[in-house]
Every structure is written in C-alpha cells, then in structure tokens.
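Visitor: Below, each chain spelled out in residue letters.
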Amino acid sequence: MGLIPLLFVVLITVITIGLGIWATRASRTASDFFVAGRSVNVFWNASAISGEYLSAASFMGIAGMLMKNGYDALWYPVGYATGYLFLLLFIAGPLRRFGAYTIPDFAEGRFDSPLFRKIAVTFVLFIGLFYTMPQMKGAGVTMVSILQWPYWAGILVVGSVITFNVALGGMKGITIVQAFQYWAKLFAIAAPVFVLMAVFGGYHTNLEANLRQPAQTPKLSERVLLKFKGQRDAPANVITFPADEAGGSLIFPQGAQVARLSSARTLKPGERLIPLASQHGDPTFEYLQMERNITLPRGGYITTYPMQVIDARGQPVMENGKPVRAPLRIEFAEPTEGYLAAGAAVPNAPSNQRWIEPFGTLSGKYGYPLLYTYSLIIALVCGTAGLPHILVRFYTNPDGRSAKRTTMLVMVMLGCFYVFTPVWGALGRSVMPQLYANHATDTVVIRLPMMLGSPLLGQILSGITSAGAFAAFMSTFSGLLVSMSGAMAHDIYGKILRPASSPEERLRAFKVSAIGFGAAAMLLGYLVETFDINMMVGWAFAIAAASYFPLLLIGSWWRGLTKYGAAIGMLSGGLLSLAAIVTSMLLDKKILAWHISPLVRSLMEQPAIWGVPLAILVMIVVSKLTALHIPQDVHRKMLRLHAPEEMGVSKDYIDR
Amino acid sequence: MRDEKHPIHALSEEEHARLAHLVMRRQAALSLRVAAVFLLMVLGLPLVNYYLPALANRPVLGFTVSWLFLGVLFFPITWALSAYFIRQTDRIEAECADWRAVLGIEAGEPLEPEGVGEVKPAFIETDAEKEQE
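From first to last, the protein sequence lines are chains Z and C.
Position 343 of the first sequence, counting from 1, maps to 352 under our numbering, and the rest follow consecutively.
Position 113 of the second sequence, counting from 1, maps to 137 under our numbering, and the rest follow consecutively.
Read the hints as simulated data drawn from the structure, not as lab findings.
Some hints could be false.
What the hints assert, rightly or not - Covered stretches of chain C, as calculated for chain Z (at least 3 residues, CB under 8 Å): (1) 41 to 50; (2) 53 to 64; (3) 71 to 78; (4) 85 to 93; (5) 104 to 116.
All figures in this text were calculated on a predicted structure; none of them were measured in a lab.
C-beta: ideal position from N, C-alpha, C; glycine also.
This is chain Z alone, in the form it adopts within the complex (with noise of 0.2 Å):
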C-alpha cells in the first residue's frame, strides 16, 4: 500500500520496544517477573488486561465477521466485553484472595495435589499455544496487506520483538506496554470511524441503507479487480453470486483454472438450468455443460446472472408463485483476478434482510439458528472468565477488592472499543463490498479507509488501524508468552523439576522458556497460514469454557469438589470440545468425508453448550463419588477465597 502505513506501523513497534526497555529498568525480582510485584494500580492494570484481552480477533476479526454476517456477530464484541460480568460475580475476588500466582497454584492450593498442578498447567500450555496461533497469522497476512512482504515478515517482527521484551522485562515490563497499547488500540478503532463517518454517512445511515431495500445484495458502485484464492486456499477458493440480483461481465485478464462451474442450487432429476433471455450467446452455458476443470483463455469472461431453472417439459420450476433462479457458483483451481462490471452484485455477500436481522448467515448455518446462538454466548461468556492468560493478571492487583475494580473498569474500556467494531462492518457493507468476493472482509479496518477520496487521509488513516492492528498482536502476544513462560518457570521448572532452585535460577527459566515459546509460535504461526483467524481463537474459548471456567467457579464455591471430580471434569470438557472442533474443521476442509446430521455439525462447530454443562455434572458426580478425598481444612480455604482481606485469613503463596 505505501510508505505511511509503514511508518505507523515502525512508530508503534519502536514505542513498544521502548517502553519495554524503559519499564524493565524497575523490574528486578521474582515478583516483578511474575505479577508485577503485585503492585499496579486499578487503572493502569485495568488498561493493561483491555490491552492484553484485544487481540487479532478483536480488533480486525470482529468488524470483518460484522461485515460478513451480520446482526449475528454482533454477539461476538458483546460476549467478549460482558463476558468480564461472570467473571467479576463469580471469580475476581475468590480467585486474588487466594493469594495463588497461577491457575495452577489455584489447582493444587485448593485442592492439596500436585498431579494436579501438572494437569492445569498443561492446560495453560495448550489454550497459550491455541491463541498465539491468530495472532501470529494476524501479524503476517497485515504486512501481507499493507506492505506485500511475504507472510512470514510480519510474524517475524511482531514474534521477536515481543519476545525480546518479555524476556528483558517479565510481567512488568509489559504491563505498561499493554496499557498503552490499549490506548493505542481504542484511538486506532475510534478516530478513522470518525472521518469514515463524515464521509460516508453514519452508523444508522449505512444500517438504514439495509432495511429500505431488504431483498438486495450489495452493488459494486464502479468496475473493480477482484483477486481469487486457489484451491490450497479451500473453501475460500469458492464464489457464490445472489440469485436475485443484477449479474455482469468477470472479465478474466490472465485467463482462469476453474476447478468447478455449478449452480449454487442442487437440481433435482430432470431439471435443467437454461440462460435468461439477456444472456444469449454467452460461453458461460458452454462452460456450464463442461462443469470441471475448464480452462479460461487470457481476456475469458463469464457472466454472473442467475439462471432460470427448468424441469424435464421444459417448464419454468416455480416456488412460492415465482419462477426460480439459479446462482451462479465458482471454484477456482489456481489464484487468479477478474474485473466485475459496475453495478453486478457482489458474490458471498448475504441479502439484506440476512444480514440486518437475527439468524443470518452465521447461526443459520445448519439450520439451527437458536441453538447456534446459545452455544456461541455460552463460550464467548464462559470462556473470556476462563483465559489463563487474564486470569495471571488478577494476580497483579493489591487485594480482592482492587481486582473486582478493575474488572469493571475493563468492562467500560472494553465496552468503549467494542461499540465501534459494528460501525467499521456496517461502513465496509455500503462502501467496500468487493472484500465480500475476496473473502477479505478480515482486512475492512485496513482497507476501508484507502476508499476515502483523499489518498494521503486513506494513507494516513489506514497507518493509524495498521499500528493499533499491530498493537493487538504484539500487547496479547506478550500476555501469553508471559502466562506460558511464567507457568513453566514457575510451576514446572519451579515446583515439578527443582523445586529446590532459587529464585534467580527461576528467573533465568523464565527468560528461556520465553524465547523458547516465542520461537515455537513463531513456527505455528507460520504453519497456519490458511486457517481462519476467528476459528483459531473460537478454540481457545470453547477449551477455556469447557475447562478453566467450570474449574474456577466450583472450585471457589463448592466445598465437596474434589481433585478427582475437578480434574476428571476439566479434562473431559476440555478434550471432547477441543476434539469435537478440530473434527469441525476437519469437515469444513474437506479433509474427513464424513456425513453428518446438520444438528451434530452445528453441536461441533459450537461445543460449549454441551461441554460447559458436562465438565460441570462430571466434577458434581465424580465429588460425590470420591467425596472422602475432600481436604480436611475446605472450610478454612472457602474463608480464604471469600473473606474480605480486613478477617486476616488471606495469605500470599509467595511473600512479596
């Protein structure tokens, strides 16, 4: 794109770099490393977990997947912010009180085991290493976009630098990193809207658009060059256009490898698609018969109309009074780009109607829209109260009550950003539809902005969303490398391996476990290049719900969990959720070939609405089985996560 996004993009790093170097001068002790030193106010801390907590997904994922489907992601930024309420009601306060450093402290603090610290720090391992997955693919396809440096440039940069910081500085050296980056992010999110809004009209004015014409899909407003995905990008290598609406000419420069030319409708026996009366003498027809592997000649076109639809007499087959109409589906074999006429509809782009109100495209996938969207909430709720890396930045508060502040102060920062995610979907809809044929609505807070009339104000604009991008990648990176290398060094290395080592060879764990992480999701990010950044960060959820969330809320306020029934739980719910959406996508790529009811698919794509009530039955039932097994002074830990700090029963693990 150009030397100003560039720009942006080299300030917010060299700031990032900086203010690392700069805070870790203070930071010395084991403490410092670990939590801060327990010692970061309510508004600086509550800036750093909004700062930490707005990853990838946030701040790009969520206004393209607005963009994409609609009302239905709006559930995505809500869940998100509110998910903080569950964790304030039920978790905050117990979980500092108890004075642990880690979840795994939780674990075994509660429940009197070891083995149980080695499971949950497993866990911490895993949903880590699931979350660094989007951010580092994040950091790449931004540069990618911004720049055309190779993929892996970006995960380059934003892998080494944080790492290079939280090896120097631990968890104090980032803390005010993230808080500035939140600021960063919010201004980043909230003053292009601002100008877009000027420009383009407002947010109701661009939703209104959608509720006057509800049978309409997005035009395109002049000729536009559309680039395709191939089939290793699969299914993103596939274009649907609207059945109802206006078609033109895709005129192919480089000519195209099709893989599949179809319509979009399965036809029944006997019925046959024939051209409207407008598309005589078009190839498409003569493609349509060959339907696979058709070759396109440099300067090839294809018309994108909807077909009519006939059956074995020859007459038009009706449905509901009108005669029907065929979309025109493409899959392509190899990358290619065509040029789509002004005013033809945009492929994959939703109705209207689809997209403004419930039940669109997102839940009304497999045809069970309500369930769809219960499970979403349920693991956009549960899991935001099950992050371990949030979780470890409760530990920095001074006491239980200054961590229930800064829960709902990261409640209003995180609400602040949010509201302004839809806006960007909804500009993007009515100003940029061709992101719809890409399948790069992921990118609308980059790209949107270079639509403004002005190139030097897109530039600028478009620099000021990259670096608050780039803020989100490097602040959740740091978060997680911090709560992995913390819970090697500290629980493994720590407590498991020597536990007799002293604090500064603990220190020195933790700084190579850090680059050795870093080095790792380095790796994976660069392995994940064409999974979807939304779905890598819906695993993590769906593991942290199933796993952490029912550990953390019965382990705070039942007496009679035992370790047996907590661990049991939280392995069955973690690993079944976890093995039901990796089967998930399994499917979606083709890979497994499987048939399954459209009720069970869309209870594997979304598990937490039966994983979060079965890891909790498994650790009720399993209690109840090995109810000897509950330690001999519960009442005195219960005291301890609900007594306010001024009773004397808390208790640091480690002294300051």
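Keeping the supplied structure of chain Z fixed, place chain C upon it in accordance with the hints.
Guide: Just chain C now, kept in the frame of chain Z:
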C-alpha cells in the same frame, strides 16, 4: 505473624465452617441476583428475536430494535450492573470484616476455654509447613 493480630486462626473447625458458610451465602446471594438479571437479558434476547421478529426488527433511529439493544445499549447496561454489584459487595465485605459479629461472638470474649488454646501453635506450624512445600 498475622495470627497474633488476627486470632481467627484459633477458631475451631466448626466455627470456621459456620463463618465460611455465612460469608459465602451472603456473597453468593448477591452474585446470583445480578447474574440472573444478566442471564435474563442475554438469554432472553435470542428468544425475542426468534418468537417476536416483528418487534425485534422494527426500525428505530435507523437501527432495528434488536441491533440498538445488543450493539449499543447492552454495554452501558452491564456497566450499571457491575457498578451495583461492586457497591453491594463492598457493603457486605464491610459488614463481614468483623468476623466476631458475623459469628455472634462479642468482642473481647475469650475464643475458647483455657487449655484448648494450646492447640494454636501446633496449627500455625502445620500451616507454615504447607507453605514450604
């Protein structure tokens, strides 16, 4: 250390259980009350969307009713809920801070009959041992 200032560690196991029960019950009641309001909104909205689409999709100020509620108003409502929760939880904690009052023991009253008090150092030791592990 703290145990000298806070003789709470000398309470018997039964008194601990009773104290934990009393403190938790009050806090759980508050948390559940606020959670019920939140769940009513978050789980009720999809039902409104599903069964009352005419209401949910009615245009208002350029938004639909449902979009305006979920995409804009939902955030400040949850802030208000959490502000209410924090005010109430602070009140509960202030009332619970004096554990003697919670248990109904008057200040200055001896905790346990003399002689039984000797259990105290033994307990502190076990606690310290646990910390070393």
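Visitor: Indicate, hint by hint, whether the structure satisfies it.
Guide: These are the hints, each one checked on the structure:
1. 41 to 50: holds (count 5)
2. 53 to 64: With 4 residues in contact (Cβ-Cβ under 8 Å with chain Z), the coverage given for the region 53 to 64 of chain C holds.
3. 71 to 78: holds (count 4)
4. 85 to 93: holds (count 6)
5. 104 to 116: Our answer is that it holds, as 7 residues pass the Cβ test (under 8 Å) against chain Z, meeting three.
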